[in-house]
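*Asks:* Here is what each chain is made of, one letter per residue.
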Amino acid sequence: MKPLYVAIDSDVLINFAKIYYGKERGVSLTQNTKDRIIEFLNDVKSNKYAVRFIVPSVVFNEVHNPQVNSEIVDDFIKELCYIPLITPNELNYAKKAEKLAYSYCEINDDGGLSPMKIEYSAATGKYVPSNDAYIMGEATTLGINLITFNEKDYVSASKTRYDKSRAHKILEINKNHRCFFDDYCNVSKIVSPRPYHAMEFINLLYSDKFLHFPAPRVEYSPRIGKNQIKFNDSFLIR
Amino acid sequence: MQEIENVKKVREKMHKERAKMSQQQRLESLVAMVKEAEAFAIENEVAVKFPDVKEGEQ
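Residue numbers (this note's numbering), protein chains in the order written: chain A, 1 to 238; chain B, 1001 to 1058.
One or more hints might be untrue.
Only pairs whose alpha carbons sit at most 20 Å apart, straight line, appear in this in silico DMTMM-like list of lysine to aspartate or glutamate [unchecked claim]:
1) Lys117/A / Glu1017/B
2) Lys99/A / Glu1043/B
3) Lys1035/B / Asp43/A
4) Lys209/A / Asp183/A
5) Lys1008/B / Glu119/A
Please keep in mind that the hints were generated in silico from the structure rather than gathered at the bench.
Extracted from the complex, chain A is given alone in its bound form:
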């Protein structure tokens, strides 16, 4: 089965880790939702569904901050997640992710709201994209969808006509930036990355529908370890 790569937001990473390891206290989801998630994670673990969770670097640094450092999150990353190896192209990756992050915050020509909010920092008097925008920018640069519980910022914050689906607007911006990738289920199609609510993603996966998800080219899968890599000016496969 061909692996399906999806980026995960910090809230998904933390909630999944807590549920997976039975440390659910404080997880503000219904018992049905938790049961659905544990079933899904067990299916991923047993490879019934070849889903590969990708941890974007901004997410990694959020959860690895001394204020958050959580052993079960680290354990979950080691057991069920992957981290993208960009080297030696980190700078171009960063440029592209930032360019996209700013695009998600621009006011549309039609006067509609931007899908993501540019945030003001009172300390400096400057507007800059939030981490959320950078995380979506990273997922798009990698060519994969992002799954999140953060509906407010990504998916459907408002029911107004202009802001019915932020996810759709992000998809349109990604198309405008020509971020196209092969379709997971249909090689003759191309698709662009977008955010999904975590439960919408799980429900889609368990339905019989075709998943029109981007499927970027990924090398050296499964995991690359220390033994396969020689440190030089760049990482090289032996």
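Once you've looked at the hints, dock chain B against the given chain A.
*Replies:* The following block gives chain B in isolation, referenced to the frame of chain A:
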């Protein structure tokens, strides 16, 4: 949940720091984050290569 609340605080702090930076510094900061994640990935054997993120691609 405490961890989620802590992540929110971290995001706020990262956001404030980013607002103080020039574009060059922001990019350097993001590159540093990528490299930190890559180092963890190599150390813990959870790396996966995305070759389509190519040099010169904008």
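*Asks:* Run every hint past the structure and note whether it holds.
*Replies:* Status of each hint after checking the structure:
no.: 1; hint: Lys117/A / Glu1017/B; result: 17 Å, holds
no.: 2; hint: Lys99/A / Glu1043/B; result: 30 Å, violated
no.: 3; hint: Lys1035/B / Asp43/A; result: 31 Å, violated
no.: 4; hint: Lys209/A / Asp183/A; result: 14 Å, holds
no.: 5; hint: Lys1008/B / Glu119/A; result: 14 Å, holds
Taken one by one, the earlier hints fail for this structure at numbers 2, 3, listed in ascending order.
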